[in-house]
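J.: Taking the hints into account, I'd like the entire structure generated from these sequences.
Residue strings, one per chain:
4 protein chains.
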Amino acid sequence: MSVDIKDAVKRIENQIIGWRREFHQYPEAAWTEFRTADRVIKVLNSFGYEVQYGSEVVKEAAMMGVPSQENLDKNSKRAVEEGADSAVIGRMAGGKTGVVGTLRTGRPGPVVALRFDMDANEVQEKTDANHRPWQEGFASLHAGVMHACGHDGHTAIGLGLAKILQEKKAKLCGTVKLIFQPAEEGVRGAKAMVEAGVADDVDYLFGMHLGFLAGGSERFICGTNGFLATTKFDAYFQGVPAHAGAAPQEGRNALLAAANAAVNLHAIPRHAAGVSRINVGVLEAGSGRNVIADRAVLKLETRGETSAINCFMQEEALRVIQGAAAMQGVSVTVSEMGGAAGGQSDAVIASYLRLAAEASGLFTSIEDSGNLGASEDFTCFLERVQERGGQGGYAMVGINRAAGHHDGAFDFDEAALGNAVTVLVLAVVNLLQNR
Amino acid sequence: MSVDIKDAVKRIENQIIGWRREFHQYPEAAWTEFRTADRVIKVLNSFGYEVQYGSEVVKEAAMMGVPSQENLDKNSKRAVEEGADSAVIGRMAGGKTGVVGTLRTGRPGPVVALRFDMDANEVQEKTDANHRPWQEGFASLHAGVMHACGHDGHTAIGLGLAKILQEKKAKLCGTVKLIFQPAEEGVRGAKAMVEAGVADDVDYLFGMHLGFLAGGSERFICGTNGFLATTKFDAYFQGVPAHAGAAPQEGRNALLAAANAAVNLHAIPRHAAGVSRINVGVLEAGSGRNVIADRAVLKLETRGETSAINCFMQEEALRVIQGAAAMQGVSVTVSEMGGAAGGQSDAVIASYLRLAAEASGLFTSIEDSGNLGASEDFTCFLERVQERGGQGGYAMVGINRAAGHHDGAFDFDEAALGNAVTVLVLAVVNLLQNR
Amino acid sequence: MSVDIKDAVKRIENQIIGWRREFHQYPEAAWTEFRTADRVIKVLNSFGYEVQYGSEVVKEAAMMGVPSQENLDKNSKRAVEEGADSAVIGRMAGGKTGVVGTLRTGRPGPVVALRFDMDANEVQEKTDANHRPWQEGFASLHAGVMHACGHDGHTAIGLGLAKILQEKKAKLCGTVKLIFQPAEEGVRGAKAMVEAGVADDVDYLFGMHLGFLAGGSERFICGTNGFLATTKFDAYFQGVPAHAGAAPQEGRNALLAAANAAVNLHAIPRHAAGVSRINVGVLEAGSGRNVIADRAVLKLETRGETSAINCFMQEEALRVIQGAAAMQGVSVTVSEMGGAAGGQSDAVIASYLRLAAEASGLFTSIEDSGNLGASEDFTCFLERVQERGGQGGYAMVGINRAAGHHDGAFDFDEAALGNAVTVLVLAVVNLLQNR
Amino acid sequence: MSVDIKDAVKRIENQIIGWRREFHQYPEAAWTEFRTADRVIKVLNSFGYEVQYGSEVVKEAAMMGVPSQENLDKNSKRAVEEGADSAVIGRMAGGKTGVVGTLRTGRPGPVVALRFDMDANEVQEKTDANHRPWQEGFASLHAGVMHACGHDGHTAIGLGLAKILQEKKAKLCGTVKLIFQPAEEGVRGAKAMVEAGVADDVDYLFGMHLGFLAGGSERFICGTNGFLATTKFDAYFQGVPAHAGAAPQEGRNALLAAANAAVNLHAIPRHAAGVSRINVGVLEAGSGRNVIADRAVLKLETRGETSAINCFMQEEALRVIQGAAAMQGVSVTVSEMGGAAGGQSDAVIASYLRLAAEASGLFTSIEDSGNLGASEDFTCFLERVQERGGQGGYAMVGINRAAGHHDGAFDFDEAALGNAVTVLVLAVVNLLQNR
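Sequence lines, in order, name chains A, B, C and D.
The working numbering numbers the first residue of the first sequence as 1 and each following residue consecutively.
The working numbering numbers the first residue of the second sequence as 1 and each following residue consecutively.
The working numbering numbers the first residue of the third sequence as 1 and each following residue consecutively.
The working numbering numbers the first residue of the fourth sequence as 1 and each following residue consecutively.
Derived by calculation from the structure, the hints in this document are not laboratory data.
Since the model is a prediction, treat every value here as computed from it, not as a measurement.
Watch out, some of these pointers could steer you wrong.
Given that identical chains are not distinguished, each listed pair holds provided it fits within a single copy or across any two copies.
As the list claims (entries may be wrong) - In silico SDA-like pairs for lysine to any residue, Cα to Cα no more than 20 Å straight-line:
no.: 1; residue 1: Lys299; residue 2: Ser287
no.: 2; residue 1: Lys299; residue 2: Pro248
no.: 3; residue 1: Lys299; residue 2: Ala247
no.: 4; residue 1: Lys42; residue 2: Pro241
no.: 5; residue 1: Lys126; residue 2: Phe138
no.: 6; residue 1: Lys171; residue 2: Asp294
no.: 7; residue 1: Lys6; residue 2: Glu358
no.: 8; residue 1: Lys299; residue 2: Ala246
no.: 9; residue 1: Lys126; residue 2: Thr102
no.: 10; residue 1: Lys59; residue 2: Ile366
no.: 11; residue 1: Lys10; residue 2: Val334
no.: 12; residue 1: Lys42; residue 2: Arg104
no.: 13; residue 1: Lys77; residue 2: Glu218
no.: 14; residue 1: Lys74; residue 2: His142
T.: As structure tokens, this is what we get:
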């Protein structure tokens, strides 16, 4: 079986690499993945998948950190100019760029879902002779946007997987769902797909990331842990301006509210049950030197080793922000800009991944667990699946890379794409084999 | 007339000095002036004044900064041991030590009131050969309590005035009220007498202080201004303790609430309409090094050139305190511990005082106005009288003194006592002369 | 004499109004008054004045709040396109746009200086039919820049005065210096001219402002007081960035340094000797939500009723800023961006102005003194002149105006221009009359 | 062998219990263990141990958190009154109450040390019929001091161990050192004994605690981990007082320095390498409401999962404190009041303890490792021994107890005393057996 599948993957390897390079050339930041989503839709349709997108799979009210309408308009127009279908793009209005492809075998069996993220980073790609995408002509065509985190590869892997599973459909039972998520950067997109019900029928859930671990393409992590739950939010303070010389007593000082909030947010107590984090990364306040500042904004994030710890941090943060506003007599509005749950990969999923990785013969270092030590909104899907009694897990697939993630010089050896497809196909086939 | 009155004062000068020395020996801090009040009552009765005291002239609900019941009990017991009448003391329960003596002429005319303060300071009197009270045997018998602000003299002046006015009664019309106030230190006592209605029928109001100005007994200020309105208050924060190592997240940190409040209280904006002040003089918080502090207290005061400015400061202060508590999720209780209004002496009163001072021939430097630059709760009476259309004013009577006010070496040349009685009698007689 | 002068002014009134309208059409913000200065130079030359400008009268090292080189380049190029002499502009490199015109009578006598400011505001002028400059075609041609404070009028008055004094030269003794100062807005320019020595030989100094007082053109203030000393400065904090999730302990938090500084700057104690002010009007810190902020800037100002009080505030502010930086282990650089001294008009100058105003018959309300209650860097010249034993003063000339100063609808009845020229000429002639 | 030893322990069990009860009756707080140390010295002498105490085993310069001289004098006098030898007490001047007893076998072999702590808590012992020490007449005779942490038991165990080992001396090689440490509460005492060189020749080090784990006397932990490194310190701020109304600008505000420090200490960043803690447990500042506060004290502690993390916290804390002082222009002095290292029990020691615990047959639940989650200055000895290449470990011996540690109702079933002696003897004999 594994030999057969490896051969199948080998046959389409160039196509997978081609997809990756196309996505790399047309990188799209969070909620503007119009061209990418259009391309995913076309390919999935060509493979005979049922395809859903737009408001069917993305709940608008749950989208976080969405760009301005002006930005969305500019990018949807751009996507059409770059070949996307304008009717399809029209159904993604407001940035609802998520896509779900479903393969129904017609035979009873569980629902297996795999989730891939599609968005790029707001990073300027390096332009020098040593940077392979530049040298080989597939560097970003979009100034200030770049696939520097490997999501171009993730999307291509998802399409490769779609192709092989469709070829093997006759030998499978149950259902396969391929979830293509927008806006993973800033952990903004998963919630809106979960709220649209995308994970509500899933029995087994897989997620993955290329790299994010030391070493090279010889490593494979079967069960990733250490997802930090996180919430991103902005606080807008509104006070009253006044002339600082002539009538300071008439002002309501938003700058001081924000300053006090910032210091006291960092002073939220450590939580004894595990890792917690807080950061006010941005504070902008005031207009002129001689005016009592009437407006201020804080951009902050909380994190926790578990969702409960992050929840504690978030509640404390809201209280501090509101207290600081009250202290200065100013009003404050808090907007959630992103968020992910904590989570643990289930052992069942890790064991399927171990079997597949071993069977593939592609890795010399296969490890049961690994620590992400960061945030990933895959956990929003995971939480929903686990709540309903399903199982989920997340793999890390080693890569030989040119530079760190989010660096303008990031690139990776594309052999890893086939490796990932191979292992995921083996795991799915093992789960859904029509015996 | 003035010669006649100067002679009358001269005749009782030794008695006035005797009263002052007696009060000096038995100094009593705010709200514990039991022995002093008992003595004042006895003397006023002996002169035929109508005498009111206790709840008739002090409204318990408006008393501020009252000592503990234990302290009151100890002091009322002491006063009885020192000769006070226990039935009288009984009617002063809770510290209601104010006394009002009224002289009714039976002839129609205005009501003239003069206010004297009776309380001593919590200061240890100096014990050395150069300190006259010590040398001449009338130093304080009460450890840690001393008349270091001249209120012993003020009370004696009030009794001397009572004596002379009673002698001159046949030549007067209208009514004279002598108000003996407790707890001027910390500006705690006036409000409770005003709230009891003591000033509600007053047409002309006089107040005075010995010293409080540079130079010596040659100076007399007819109209004192620059009273800073002030409020004194304590804020008690109540949080939740927790072990700082094992469960810091379970605490609610009262120490941090108080610390934030302190800094932000000092950051209340300056008021462009005039002088403002704020001070957190005391902060005490926490119990043990390894416990999240669950309680804290701030002792603070606001001031303003006018009552309106002080009111602004007080409102801002309350908001800061409540906001700081909210920020840490702790509760807070604020208790008013003292307060005085701002105020200006009326020109009419100053002119009566100028005439009297000139007629007395006792002063070589008579000035229309002077700046106190501090707080005095005489202003509470003044505000009430002025609101009702009456007139009020405050004199400063120069003294030759041994050391600054509130210093353990404070003392003054007792010739100033007769000077003060003379001027006040002349002013009252001029106002109430039965023509 | 005054009739003669009034006639002389009347004859050139249209020219004065023409200058004012030309300056109004070509407004130039602080340190970019290239076209204005070039025009002033040409006119003064045409009247036979000795003219100095550029580094002769502006000390580069003492210029504060200078725009970027790019901004300066753009504006000097623009000025040339608008008709300025490129060689002249070249000598103003770096924004040294100050001009001094000197009229030497050749007869012994005192040096009388008059100072006028030339810069416009960064305000967008109103464009509607009710706004006279718009209606009559002399509104600002420079987007976002407008003479909304009357400095166009001040410069025109200076030129009118130059014309009349030159006509009267034969009747005068001593020397007249007309100082045209850049960058009064933000109190940035005077210091650099004073440091260049412009005021070092001045015996009598005059300054003036159109309006800045209630009422209309019937009012004239002979001696302005209530100049608040002020310092404007920016503080740049430099820390170390770090990932807020992965290694917060490696950061040095500039945002927290700035936030603590802001709160504690506002908590600098009130000064009992007089009015003090402090304001942090702008705080900008950080780059990304998940990065420990490595840079921050504060824009602040201190003020004081006297230079000594402002000096106290400034020293305290520097200490707070440096302490806050030390607390977070970040470095900080403070740049002075503007400043003015406190000051009082001398009675001698006020009396010359009163005589002139009375003689002019142009005002019905002539007042000895008035309170500015704001900052004006005229005080830098005044301080230097007074230090050397000279006398100085500042007049406020009433105007009928359309809207408040610094408002996009500001405009005034130009009759005030001739009024101001008349009074100033009368005062100068009285001082320098060749008897 | 183990049967033999169990019998030996059984024979002296009553004596061990007697010692414990004697120590319980005469509890002595940190650095005042005069009577306890005197008793330990006498008993060790009676068993033929070499005994060192006073400055031989406690380095005065390294003692932390020592009570006042007055307190020491009172307690040493009390100890003599309670039967201690005054010459011995004299050699403990300044609180140097540590004792080391050494048993030399005369045969070559390693040095094995066991450390016991002797100090009591500043806790009031419960006085009711349900509290066994009260009921059976061995409750504390010292008001406000109580053995509520089991150190009375530890000291008794040390003496029991001394007795048995002395009986077995002929069968042993090498050297046994019994270290009786003062002032473990507040982690104040170990450092001074380590600095005196007490651990410099130790090859194997044992420490232990009764209880501190859930469950009862059936449990035995062989290797304790999770010692939090900690530093305790006090910061004294000294400013300049000033009258808050008359001259606030002349003050240097120590209260604000302490308040800012407190907030910012809590805002020290979390350390990504492991658990960190900070707490300002006490803040006391100021004298009077109307005086700029000129003095303040903070009592704080830092903790870390490792000594390196605690070191980071301590350095940050010092910087914050100094920066906060600089910000207000006040001076600050920091005194170290206690401290312990982090640490891990070595596996070798844990394995000897496991063998002994198993051989004893006294426990049904023997666990390799356990987490203390608190601070213990045993780690100071441990660190020194490990630095020199030795091995060390710490056992937790289960107890059936009446209430939690540090509670006035604390008591335990004294059977645990014999259990502890038995296991420790077995472990030492196994290590030093003369084969």
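J.: The structure should be examined with respect to each hint, and the outcome stated for every one.
T.: Hint check results:
no. : hint            : result
1   : Lys299 x Ser287 : both (18 Å within a copy, 10 Å between copies)
2   : Lys299 x Pro248 : between (27 Å within a copy, 16 Å between copies)
3   : Lys299 x Ala247 : between (30 Å within a copy, 19 Å between copies)
4   : Lys42 x Pro241  : neither (54 Å within a copy, 43 Å between copies)
5   : Lys126 x Phe138 : within (12 Å within a copy, 51 Å between copies)
6   : Lys171 x Asp294 : neither (66 Å within a copy, 57 Å between copies)
7   : Lys6 x Glu358   : within (13 Å within a copy, 55 Å between copies)
8   : Lys299 x Ala246 : between (32 Å within a copy, 18 Å between copies)
9   : Lys126 x Thr102 : neither (37 Å within a copy, 60 Å between copies)
10  : Lys59 x Ile366  : neither (38 Å within a copy, 55 Å between copies)
11  : Lys10 x Val334  : neither (50 Å within a copy, 63 Å between copies)
12  : Lys42 x Arg104  : within (18 Å within a copy, 87 Å between copies)
13  : Lys77 x Glu218  : neither (42 Å within a copy, 62 Å between copies)
14  : Lys74 x His142  : within (13 Å within a copy, 31 Å between copies)
Hint compliance for this structure: hints 4, 6, 9, 10, 11, 13 are broken, all remaining hints hold.
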